[in-house]
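K.L.:
Here is how the chains run, residue by residue.
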Amino acid sequence: MLPPIFGVLFDGIAYGMLLFVLSVGLSVTLGLMNFVNLAHCAFAMVGGYVTVTLVNTYNWPFIATLPVAFIVTALISVVFERVFYRRLYRASDLDQVLLTIGLAFVSVAVAAYFFGTLQQPIPTPAFLRGSQQVLGLGLGNYRIFLIVTALIVTVLVVAGLEYTRFGAMVRAAVDNQRMASGLGINVDATFAITFAIGSGLAGLGGALAIEIVGLDPSFSFTYLVYVLIVVAVGGLGSIAGSFIAAMLIGISDIAGKYYFPELGAFLIYLVMIAVLLWKPSGLFGKR
Amino acid sequence: MADVPLTPRAYLQAQSRWTPVEIAFWLATLLPFWLLPDYLSLASQVAITALFALSLDILLGYAGVVSLGHAAFFGIGAYTAGLFSKFVWGAPLPGLLVAAIVSAASGFVVSLIVARFRHFTLIMLTLGIGLLMQEIANRAHWLTGGSDGLQGISINKVLGAFNFDLYGYTAYGYSLAVLFILFLCARRIVHSPFGLALRGIRENWTRMPAIGAPSRAHVRMAFTIAAAMAGIAGALLTQTTQSAALESISFGRSADVLVMLVLGGAGRLYGGLIGAAIFMVARDQFSGIAPQYWYFWIGLLLIGVVMFLPNGILGGLSALAARWRKS
Chain A
1 MLPPIFGVLF DGIAYGMLLF VLSVGLSVTL GLMNFVNLAH CAFAMVGGYV TVTLVNTYNW
61 PFIATLPVAF IVTALISVVF ERVFYRRLYR ASDLDQVLLT IGLAFVSVAV AAYFFGTLQQ
121 PIPTPAFLRG SQQVLGLGLG NYRIFLIVTA LIVTVLVVAG LEYTRFGAMV RAAVDNQRMA
181 SGLGINVDAT FAITFAIGSG LAGLGGALAI EIVGLDPSFS FTYLVYVLIV VAVGGLGSIA
241 GSFIAAMLIG ISDIAGKYYF PELGAFLIYL VMIAVLLWKP SGLFGKR
Chain B
1 MADVPLTPRA YLQAQSRWTP VEIAFWLATL LPFWLLPDYL SLASQVAITA LFALSLDILL
61 GYAGVVSLGH AAFFGIGAYT AGLFSKFVWG APLPGLLVAA IVSAASGFVV SLIVARFRHF
121 TLIMLTLGIG LLMQEIANRA HWLTGGSDGL QGISINKVLG AFNFDLYGYT AYGYSLAVLF
181 ILFLCARRIV HSPFGLALRG IRENWTRMPA IGAPSRAHVR MAFTIAAAMA GIAGALLTQT
241 TQSAALESIS FGRSADVLVM LVLGGAGRLY GGLIGAAIFM VARDQFSGIA PQYWYFWIGL
301 LLIGVVMFLP NGILGGLSAL AARWRKS
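Quick note, the sequences are listed as chains A and B, same order. Under the numbering used here, think of the first position of the first sequence as 1, with each following residue one higher. Under the numbering used here, think of the first position of the second sequence as 1, with each following residue one higher.
Rather than coming from a laboratory, the hints here were simulated on the basis of the structure. For each residue, glycine too, the CB sits at the ideal point set by N, CA and C. It cannot be assumed that every hint is accurate.
Okay, the calculated bits of chain A under chain B, using three or more residues with CB under 8 angstroms as the criterion [unchecked claim]:
hint: 1; stretch: 76-89
hint: 2; stretch: 203-212
hint: 3; stretch: 272-280
As a list, the in silico SDA-like pairs of lysine to any residue whose alpha-carbon atoms are at most 25 angstroms apart [to be verified]:
hint: 4; chain 1: A; residue 1: K279; chain 2: B; residue 2: L246
hint: 5; chain 1: A; residue 1: K279; chain 2: B; residue 2: R116
hint: 6; chain 1: A; residue 1: K279; chain 2: B; residue 2: P209
hint: 7; chain 1: A; residue 1: K279; chain 2: B; residue 2: I113
hint: 8; chain 1: A; residue 1: K279; chain 2: B; residue 2: N204
hint: 9; chain 1: A; residue 1: K257; chain 2: B; residue 2: I136
hint: 10; chain 1: A; residue 1: K279; chain 2: B; residue 2: W205
hint: 11; chain 1: A; residue 1: K257; chain 2: B; residue 2: L246
hint: 12; chain 1: B; residue 1: K157; chain 2: B; residue 2: F183
Selected chain A positions facing chain B (Cβ under 10 angstroms, derived; list incomplete) [unchecked claim]:
hint: 13; residue: D95
hint: 14; residue: S107
hint: 15; residue: A109
hint: 16; residue: A112
hint: 17; residue: Y113
hint: 18; residue: T117
hint: 19; residue: D188
hint: 20; residue: I254
hint: 21; residue: E262
hint: 22; residue: F266
hint: 23; residue: Y269
hint: 24; residue: G285
Working from the sequences, and respecting the hints, build out all of it.
P.N.:
Printed below as a string of structure tokens:
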């Protein structure tokens, strides 16, 4: 028999996994191009709405919609990258912040126009409902599924970055962009593809998040804060950093809500400010 | 003009000379008293928001510090003024002074942290601190009234003579006077050697210390001044509306003021004023549409400004004027 603290820990880990899937793409693109993309969660929201539409309107099974959420978000994001983002890689932080906040505002309005401002529930498949009894703890099936999915994503991302030619190109570009392009790496194209994959992962995260946190047009901003905190705490461009930061923030948030409900969101803001004061470039940041 | 050699003092004096357009602008701010007497409450809101945008301009337009949490100081000023009037004294001017001191002090404390960082970390820290302040104001229900707003504020007559009336004559006159005085201060600051140093920091943070201008100390100073001005703006809002709400410290307000400043043109003093006027009047005119669609247009506007009008409306106008003069 395990004390209930392990149940809280389990929920925290599941939530952290979700945050990791949502934020890993932003971490890599920020590390790659130093582009402050505040519209990242707008792409996550796109994925969520793709899943909602497919499940509720076309009666697709939930699992089958996840790859579609990834692909559709990746395709949409690459269009935005080519049309808007590309022109501002050398612009100031301020211009990047303004452009992407603008996109996030527009995404909120467009989502509200097409889907209304209410939360969009989807019917969870039967095998993801209920919970498993493990050593006296009730572990929710959906959370187990979430952890497994996120671990698969992590393994794929890490393996893709460490063991493929494309991954080597991305790492080279993150480490030293000029040197990488001097060696004949097409940094521009590398970035576009990385951006698409990163946003696609956000879209997948958005689809996975529906069951845990719900989906409404304000998603673009509500979870942006969490994602930015994860990225800032983990360090730009670091997968391991994002993973540990996502766990840290996920567990602190759930534990904080469980043990100190009167503190509200204090705990994670304090964690972020403390980490940034201690290590300005995040736990694993290079710069 | 540019090829005439000037001494530093003469250069600064030439920069700070009043132009006829400026004088006309300030005379025009008096027009609402006669032409738009029904809109004086709105005009006073515009003046307050303009002051808030001006405070951000010193920080962002001159020192180049991007803050996503500037409403924290607006809110601190708003709540300080409210609490001061409720528990201590209802006189408006001492209330403004206390709000300025409290927000300047909090701005200084925050600047000790913020001035050490640049770029992404700086943006994240200002965002985090802004959200933290919002959360504190929300949770400290016993002090701020939480989401119900601060109750029981009553403000005395301005200078013991002018009562806050229903039409907003006093509110607008008072806000405008404070805006003008602080504008003069801001104008003096940006046209001083300190203001030049801030612009130097904006252009190159690491090179400034090499010529003997400590970047961090200057940013701390700019942050404190901007916080004090934002606090006064917040206090004005509390005093003219006799209420202080959670909205005054929210992220939305930080984002709005950024939009106004960028729309008008940052780093030009008048950019924030023009941007605030356009933004507030537009919001008043389109108040019928639901808020989420209002932000659709704001979003489009932001994208448009960044893509096509990088220096805001005033930047675009001065570029047009320069081209016209040349041809």
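K.L.:
State for each hint whether it applies.
P.N.:
Hint check results:
1. 76-89: Since three or more residues must qualify, the claim that chain B covers the stretch 76-89 of chain A holds, with 3 doing so at under 8 angstroms.
2. 203-212: violated (count 0)
3. 272-280: That given contact holds, which follows from 5 residues of the stretch 272-280 of chain A lying within Cβ reach (below 8 angstroms) of chain B.
4. K279(A) - L246(B): violated (32 angstroms)
5. K279(A) - R116(B): holds (12 angstroms)
6. K279(A) - P209(B): holds (23 angstroms)
7. K279(A) - I113(B): Holds. K279(A) to I113(B) sits at ~12 angstroms (cutoff 25 angstroms).
8. K279(A) - N204(B): holds (23 angstroms)
9. K257(A) - I136(B): Roughly 16 angstroms separates the two Cα atoms, so the pair holds.
10. K279(A) - W205(B): holds (20 angstroms)
11. K257(A) - L246(B): Given pair K257(A), L246(B) holds - Cα atoms ~22 angstroms apart, limit 25 angstroms.
12. K157(B) - F183(B): holds (24 angstroms)
13. D95: Cβ of D95(A) sits 5 angstroms from chain B, so the hint holds.
14. S107: holds (8 angstroms)
15. A109: holds (3 angstroms)
16. A112: holds (4 angstroms)
17. Y113: Because about 7 angstroms separates Y113(A) from the closest Cβ in chain B, which is inside the 10 angstroms limit, the hint holds.
18. T117: Nearest chain B Cβ about 7 angstroms off; hint holds.
19. D188: Result: violated, 19 angstroms to nearest chain B Cβ.
20. I254: violated (17 angstroms)
21. E262: holds (7 angstroms)
22. F266: Hint holds; F266(A) Cβ to chain B Cβ min 6 angstroms, cut 10 angstroms.
23. Y269: Hint holds; Y269(A) Cβ to chain B Cβ min 4 angstroms, cut 10 angstroms.
24. G285: holds (9 angstroms)
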